[in-house]
Amino acid sequence: MTGYMIEAMKTFDYKRPVVDKGYANQTLLIDISSSDISIHPVAEKIKEVFIGGKGFDLWLLWNAVKGTTKWSDPDNSICIASGPMGGTPVYPGSGKSIVTTISPLTETVIDSNVGGYFGPYLKFSGFDALEVKGKATKDVVIFIDGVDEKVQICETSGLPDDSYALSSILTKHFAQGKPRQISVVSTGPGAKNTRMGCLNFTWYDLKRKRVRYKQAGRGGIGSVFADKCIKAIVARWDTVSASTNNPADGIALKEVGRRHSKEIVELDPKQNDMAKIGTTHLVTIMNDFDLLPTHNFQYGQHPEAENVGQEVFRRIFDPGYDGCWMGCTVACSHGVKDFVPLTGPYRGSKVFVDGPEYETIAGCGSNIGIFDPHTIIEMNFYCDAYGLDTISVGTSLAFAMECFEIGLINETHTGGTNLSFGNRAAALDVVHQMARGEGFGQIVGQGVRRMKSIFARNYDADPDIMQDIGMEAKGLEFSEYMTKESLAQQGGYGLALKGPQHDEAWLIFLDMVHNFMPTFEQKAEALHWFPMFRTWFGLCGLCKLPWNDIVPEDNKNTSEPAKVMKHVEWYAEYYTAVTGRQLSPDGIIRMSEAVYNFQRIFNLKMGFGRREHDDIPYRAVGPVKPVEYESRSERYDQELVEKHGVDITEMSTEKKIEILRKFREEQYEQLKDAVYERRGWTPNGIPTIETVMRLGIDFPEVLELIRAHPNDDKG
Amino acid sequence: MMIRVNGKHWTWYEGMTVEDLLKDLEDSHHYTVIRVNDKHVSRPYFKKTLIPDNSEVFLISLIAGG
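Residue numbers (this note's numbering), protein chains in the order written: chain A, 1 to 715; chain B, 1001 to 1066.
Honestly, the hints are just simulated from the structure, not real lab data.
Subject to a maximum C-alpha distance of 27 angstroms in a straight line, what follows is the list of computed DSS-like cross-link-like pairs (lysine-lysine):
hint	chain 1	residue 1	chain 2	residue 2
1	B	LYS1039	A	LYS544
2	B	LYS1039	A	LYS262
3	A	LYS643	A	LYS655
If you're wondering where the values come from, they're calculated on a predicted model, not measured in any experiment.
Based on the sequences and whatever the hints tell you, model everything.
What follows is the structure in structure tokens.
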């Protein structure tokens, strides 16, 4: 690539503080409308309540936006932070960043976590969090240089649009011969032309001598980034060691880090072998348990699933160390070397593809009826290069394909494309259209919620059936697990703050396979503890995989094996070693509760966050169509007869569906009641005054919002 | 005529299935997935999956997903 220009139009020099016990103790605000750059101290109270990472992001965003702010308004900010433990190279999974903004899909706050080096480099450059607000009139690159202590806003021209080429060029441009010192955040043309843009966060792979990528995928953050005309944000930092984070007790940190790392090295090869196959092991396991979403979540199994399972990707992945942060022994970020796309702008070229992970295989594979690894890898590559979230792309395509198959839309609407399940060429073509903002791809890129409106309004499609089969909640597309047979996981998705993403609670096996939580109260307890514990990772700059994807050999003999308490205790030790603050496992839950409840109230501020917003489509709860019922008729018949005492003799499938639906929808509402009560919320799903006071988040605006919503109103 | 189960030697016999092994081990944990060499075997297939001689078997106590 030649002929590009990057020129600083604003340079802001600063004195980098020494990171102290995991904190830089200040944040960076960049207004790209005015080119103002400023530094703001972090108050002790904010550290105590919000901890870091997502907590800091939420506080910055809360203060940036009004309840009326739209995703494309200049007031909307993009906030990026790691956390106090972020950037620790001696503890596995310690390089995460969390990004928040007001989402184009949900129109309220979204958060997305991501690997790569950016968050730690940002902190070591002197900033616990970055907030970017405003809108530029033409493309800009923001450069945060912790080595030379300057922040620049740069004008650019001639840079490529796609994230794959762009990140490589920017890495080389800013590296001064040391590419490992650079991490780039960028997106691509798909983000500009859809609502489901992702952000790519890079790190430099020294062994392969190339830029690698991880994605902050969910909720269209990349679309906000592109709408602000931010071409990229680049961080530069020097060498990292265990002391860069300046932990309170370096010896204790190394000891607990050594224990966890050693255990992973010893046990991962005996368990899921993630250092070699990533999360692809889940494909066949989910398929075996009837949980792999297939054909828009209609079914949970497919006879061709093995074609896209772990044994295939074990052969395809390029062997080598694949940690998305330094020193991580899980090292699950695998990729495909010398891949040759058959379509699009890279057709015939050799590229390196980062991925696929389980979610992409299920979303851009089984759920759209594709069981060909090459097509899935190509979908993965182009989604990343175009800056598109593979989960939202997959689930949106799956919905469009089912609408096509049942005749709600036809080829006159799709631009002549036969959008049947399994049509590999059509799926790829739609992705290319999304990037160009053309044709039917432009409509798919609006996401499931808006497709439902467009199809009803413009194509006279039946809104009721689309409501049942359109797999979105709160405006966000479901991630790739089947929930029909697990009430707890229906709650895990439906009651998640940002929408149906599995990073709050993944309870399917515990509920459906193990039956560990038969009562509503037990499910509610799980839907309290797991989301709170998992929230904590996002506050601290951590990846959750080391917690429970590799478990101690004696874990099964503990009283609560699902919580992996040995690791929870290690995490408490780790936090104390870095920050110097004493922490117990119970304290972890209390820390998260404050931020979790604050995010729920943030939804309220934006006009959401009430009971009605926790509804999910019926396909997530039970069978919508007779073919779905009949695919699991033994299970459903048994439930009707044994659990509900229904006489199903000579009953039609349609009638059984109707009766089952009534029972299951009632159960879901009962689950909401139980969870709200456990979380200290009103029946309308709003945290009570007592709850926010107990958690120390009783800020005046919070109290005002709660008081504006009567507690006895079920919505 | 031996296999290794979580690193410990265990006598193998012709026709041994995953279900047989778990019964012989008298391990009451409700395993959902175990590994036989490089391959994960899920509970629905415990009964019909044969364990080859000289296999490495790993008992996986938890599948976390997500």
